[in-house]
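Between the sequences and the hints, there should be enough to build the whole structure, so can you do that?
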Amino acid sequence: MVYLNLIHLSGLALLVGAVLWIFASIFHPNNHNPSALVDSFWTRVQVALIFFYALSALGVVGLYLLLGEQSGLLGLIGFALAILGSAFNVAGALDLAYVLPMVAKQTTPPQSMNDLMKLDGPVPWVLIVTGTYLLLFVPGYILLGIATLTAGSLPNLAGWLLIVGIVTSVIGVFGSAIFILRRIGGVVFGVGLAWLGVSLLLI
Amino acid sequence: MATQSFLVISGIALTLGGALQALASPAHLSNRDPNSVKSNMWVPVAITLGCSYLFISIGISGVYLRQGEQTGIIGLIGFILALLGSLLALPISFITAFVIPYVAKQESYSKTPLDLLGAKGPIPGIFNLLLGYIFLLMPGFVLFGIATIRAGVFPPLAGWLVLFGIVISQSGNMVLKLTFLRNVGGVLFGLGLAWHGVVLLLG
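Protein chains in written order, with numbering that gives the first Met the number 0: chain A, 0 to 202; chain B, 0 to 202.
Derived by calculation from the structure, the hints in this document are not laboratory data. One or more hints might be untrue.
Heads up, simulated PhoX-like pairs for lysine-lysine below, C-alpha to C-alpha not over 20 Å straight-line [what the hints assert, rightly or not]:
1) Lys110(B) with Lys37(B)
2) Lys104(B) with Lys37(B)
3) Lys104(A) with Lys104(B)
4) Lys104(A) with Lys117(A)
5) Lys176(B) with Lys110(B)
6) Lys104(A) with Lys119(B)
Rendered as structure tokens:
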């Protein structure tokens with residue numbers, strides 16, 4: 000009963016989180032643009048991401064409980080990375096939402112988010128926290144996607160959407176001209192998460 | 000199998016999280032003293048507490064899984080509030096470690112950490128999140144403690160430690176002359192959580 004409660008709760012968290020993530024992905028201003036930090040959508044998008052990461056930390060618990068037995072070590076490592084990445088990125092998104100816009104207002108000429116977080120920029124410590132997105136969150140969800148494929152107890156296509164979505168979205172972060180991939184990949188990843196959330200809710 | 004390994008992971012996380020909380024709390028400086036930010040202990044204590052909340056947010060799912068059957072709705076509500084409160088406490092700790100010293104350097108005269116993060120400070124958005132943290136963390140862990148005491152799965156004294164610890168420490172946070180209560184309460188809170196973690200580990 001408690002086991003099912005936790006799985007349903009995790010499913011709901013993944014579903015709501017996925018909706019927030021999709022919203023954030025569609026409206027996320029281009030990181031490379033110096034005016035992104037003063038864009039009216041910037042803080043709203045980052046606040047949506049704060050709640051997404053918090054919900055994701057709960058959501059992966061249910062995923063692991065369901066997949067763990069069949070996914071073995073791969074699932075365990077994926078779970079550990081994804082939950083740590085989610086928790087750290089609550090802090091990362093908070094910094095991006097409130098601290099970077101404040102710092103951006105003090106710099107002339109305007110600098111992009113990436114410039115502000117450089118090691119010789121005014122707030123290099125933000126990079127330490129947001130760096131956990133690439134080091135923990137992304138590999139964690141790739142492994143959870145693979146675990147979904149190998150376990151077979153959740154829809155395979157949802158696992159593929161997680162993997163393809165997060166990889167595409169990360170590629171998009173590395174160039175201003177290809178930032179559209181951040182949005183498209185984000186939506187694909189969000190649909191995969193929502194699908195897994197619904198699957199957990201229906202168990 | 001997955002449930003068992005999840006309980007072990009939760010046990011390790013909660014033991015670590017509780018121990019770090021108990022270790023860092025005696026050195027916690029007053030949020031209402033303008034000189035606190037200048038102390039050499041400010042950053043290490045805040046980072047340690049941030050890591051403590053990270054581990055606590057991972058570990059308490061295991062406690063819910065273990066005693067949820069017996070604790071019913073109180074346990075469920077306590078778990079959700081405590082989880083969200085811990086996840087929010089994590090970024091607040093990182094803000095305390097990095098943002099407050101950064102902002103303090105820019106002020107023309109010494110301000111208390113609470114003034115720097117307050118509604119009239121340079122980053123007013125963070126104040127709303129601080130309020131959210133207070134309204135989630137304390138009620139969450141009060142219910143968490145009550146659930147432990149009533150369920151009889153974990154030692155009731157561990158529940159009392161969490162319950163008294165969080166109430167005393169949060170009271171100490173609110174009054175300048177009672178800062179020592181923050182320190183004492185933090186130790187009790189940490190010991191109570193670490194005790195839960197050890198019980199989870201021992202099966």
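If you test the structure against every hint from before, which numbers come out violated? none
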